[in-house]
Amino acid sequence: MMDVPDPSDFPTPDLRALDASLRCTICGELYDGPVMLTGCGHCFCSVCVRQHIQRESDCPSCRMKTSEVAFRPNSVLEEVVGAWKEARKHVLDMARVEQTLAARSHASVALQTIPESSNPPSASVTPSSARSLKRKRRNVDYVSDSESSEVVLVDGSPTPKKRPGKVSKVSRANRGSEQPSSDPEEIPLDPNSNEIIDCPMCGKRVPLRSINPHIDSGCKDVGRPPSKISLSPTKARNNNAKTQWSSLFGAGGGSSGGPDSKGKGKGKDRSSPSEIPTERLANASYDVLKDKQIKQLLAEQNLPTTGDRKAWIRRHKHYLIIHNATLDKAMKNRSTFAELRQELKHWEDEKAKKPASAGVSDVVEYTKANDGEFKRLVQEARRNTKKPPPKDASPGISGQSEKTPSPVAPDIPVKSEDMET
Amino acid sequence: MDARLRRVNKEISDCKNDKTSNITIDLIGDSPFHLKGSFPGPSGTPYEGGHFEVDIAIPESYPFQPVKMKFITKVYHPNVSSASGAICLDILKDAWSPVLTLKSTLISLQSLLCSPEPNDPQDAEVAKHYTTSKKSFEDTARYWTQVYAGAGKGKGSAAGGAVGATEAPKNEVAIAGLEEVHVGKFEKLGFERGKVIDVLRRLNYRGSNVTNIHDDRIVQELLK
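Chains as they are written, first to last, in the working numbering: chain A, 71 to 491; chain B, 1441 to 1664.
I should point out that these hints are in silico values taken from the structure, not numbers from a laboratory. Errors might be hidden in some of the hints.
30 Å max Cα-Cα, derived DSS-like pairs, lysine-lysine [stated by the list, open to error]:
# : chain 1 : residue 1 : chain 2 : residue 2
1 : A       : 438       : B       : 1568
2 : A       : 421       : B       : 1635
3 : A       : 380       : A       : 421
4 : A       : 423       : B       : 1456
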C-alpha cells in the first residue's frame, strides 16, 4: 500500500486532532474548497458534498435535510487549511525531531514537546510569529541550506516578502475583494506593474496598467491577459525552491512588483480572466432533453461528445459538480476551464478502468470461493427436478429447486445439507 | 491516485494504528477493494469470546455508496443469514452515509450482535427461534460461536462456511437449536435423524412451541 498523508503521521494526539479536524469527513483529505451546510453547520469539500447530494438530500454527518442552495463557501476555513498545508510538513518535521529528542532524553522532556509542537499552526496566522516559526523551521529541517537563504528569509530585508508574507497574503486575498493592492502591506499601486484589479465599471479583471485603455474602450478591451494572482498552495510548495530563488534575485531592483509578478508567472498560465469559471451552471433535467440538446450542453462547455447518451449525461453531471465546486473556492485557488476539463478526463479514465478490473476480479474470486457450493446446489436442484414425486424434498428445497443458485437466497437447502452431513 | 483508493488507504492505516478497538482489516488478494475485517464478539452476549470475520467489498462509487459486507464466520443471529452470512443492517443499505468508515461499520456490526432486531430479520427461522425462546436461542448462538467462531473449547480460530462443515464432528442437534430428547423421540419412530432435525427446526419446535405443535403434525411433515 502506498503512503497517504493522514493524521496518524503525527506522533502526538493533539497534533493528530488538529490535522484530523482540518480534513473532510467524506474524503479524508484536507478540505478542498470547503462549504458549510447552513442549517446544521457541517462542513465538507465542495466536490464531496455535491457528489453526495446527487444521491441523498441530507447532511452526511447529521442527516438534516439539505440541498445545494444551502451550501455556503467557508472561506475562513479555506484560509486556515491553506495555511496548515503550508505549515504541515514543517510542523511534522519539528514534531518528529522533538519526538526523537524526547525519546533520547528522559520522560520529563516528552512533556514539553506538546506545548511546543502545538504552537506552530496557530502561529502561522500572524506574519510576525510566522517569521519566528520560519526561523525555527530553518534550524530544524533546512540544516543543509546555504547560509544566504537563511539570512534573507529571517532578517526582514525587503525581499522576504515572498515567503513569510505569503501566509498573510493568503488570508487577505480571501477576505473578500480581489484587490490585493488595497492592503497597506502589499505592493503599492504601480501603474506599470502587472497587478490585476477589478475594473470599476464592468467588474472584469484587468491588469492595472491597461485599466485606462480598457475603460476608454468601453470595457471591451480586456487588455493584456493578466496572469494568475498567486499559486495554489500545493503548486507553491512544488515550486518552493524556485520561487524563493527567483524572489531573491528578482528583488535586486527593489521594485516590489517585480519579484512578485515573476513568482506568479511561474505558476499556471492563466491567460485571461475568462478562463476561470465565474458563473454557476444549473442542473439540467436530462430525462426531458433530446440527444441533440444534451450534446449541445456538452458543446457549450467545450466537452467531448464521445460515447453514448448515458456517457454524455454522466460526463455533464460530473462536470457540473467540479465546475460548481471550483466556484466555492477563493479566486486564487480556482481551476481554469482547461484544468476542469483535464480533471474530468482523468475522472472518466479512472471510471473506464474500474469496471473491467474490479468487477471481474470480484466475480471471479466469488465464483472460485463458492464453486463447491454452486455445484452442489445445481446438483441438488437437478436431483429434485428429476424426481417429480418429491419423496424426500422438503418444501423448502422444492421451492428453491427451479432457481438458479444465487449466492444469497438458498438459506434452507444449504442449511439442511449441513444438518445431514 | 483516485479519491476512493486514497480513502481506503487511510482507513486501513487508521485501523492498524488503533490498538484499542481490536478491529482489524486485511487485504484478501491484491485488490485494495476486497478486504477482510474481523472483530471480537461483544462481551455479555452469546457471541463473547468468538472471533468474527467479515468479507468487505468496496463498490466503485464508495464512499457515496455503502460497502458490501457479509459474515465469513457463521453466526446464529436473527439479522444474519445463517447460511450465506448476509447481513440485514440499515447502514449497509439506505441509511449509509459517506462519513461512515470501514471501522465504524465494523463496530456497528459488533453492536448488531449485542442487540438483535427480530422484527426485521434476515434469517426468519433464527428470528422465530429468538422470539419463541430467547434462552434456547442464546444457547444455540453460544454453541455456534464455539463451533464456528472459535470461542472457548479451543476449536481453533474462525472456521467459516464450508470449512466449518468438514471440521470435527459437531452436535447437529445443538446447531439446529433443538433438544436431544425431542429428536430422539421421533428418531425412535424410525425416521432418519437428519430429517427429524430438519423438520423440527423448520417447525420451530422449541420452548413453548413444543406444546403447541402436535406430534401428528410432525409425523405428517416427516412423511412428506
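Next pair to validate is residue 423 of chain A with residue 1456 of chain B; report whether the Cα-Cα distance is within 30 Å. Holds, at about 29 Å.
Has the given pair, residue 380 of chain A with residue 421 of chain A, been kept, meaning a C-alpha gap of at most 30 Å? With Cα atoms ~13 Å apart, residue 380 of chain A and residue 421 of chain A stay inside 30 Å; holds.
Pair hint residue 438 of chain A and residue 1568 of chain B, alpha-carbon separation not exceeding 30 Å: Since the Cα atoms of residue 438 of chain A and residue 1568 of chain B sit roughly 33 Å apart, the hinted pair is violated (cutoff 30 Å).
Please verify whether residue 421 of chain A and residue 1635 of chain B have alpha carbons no more than 30 Å apart. Status violated; Cα separation ~51 Å.
Checked against the numbered hints above, the structure violates hints 1 and 2; every other hint is satisfied.
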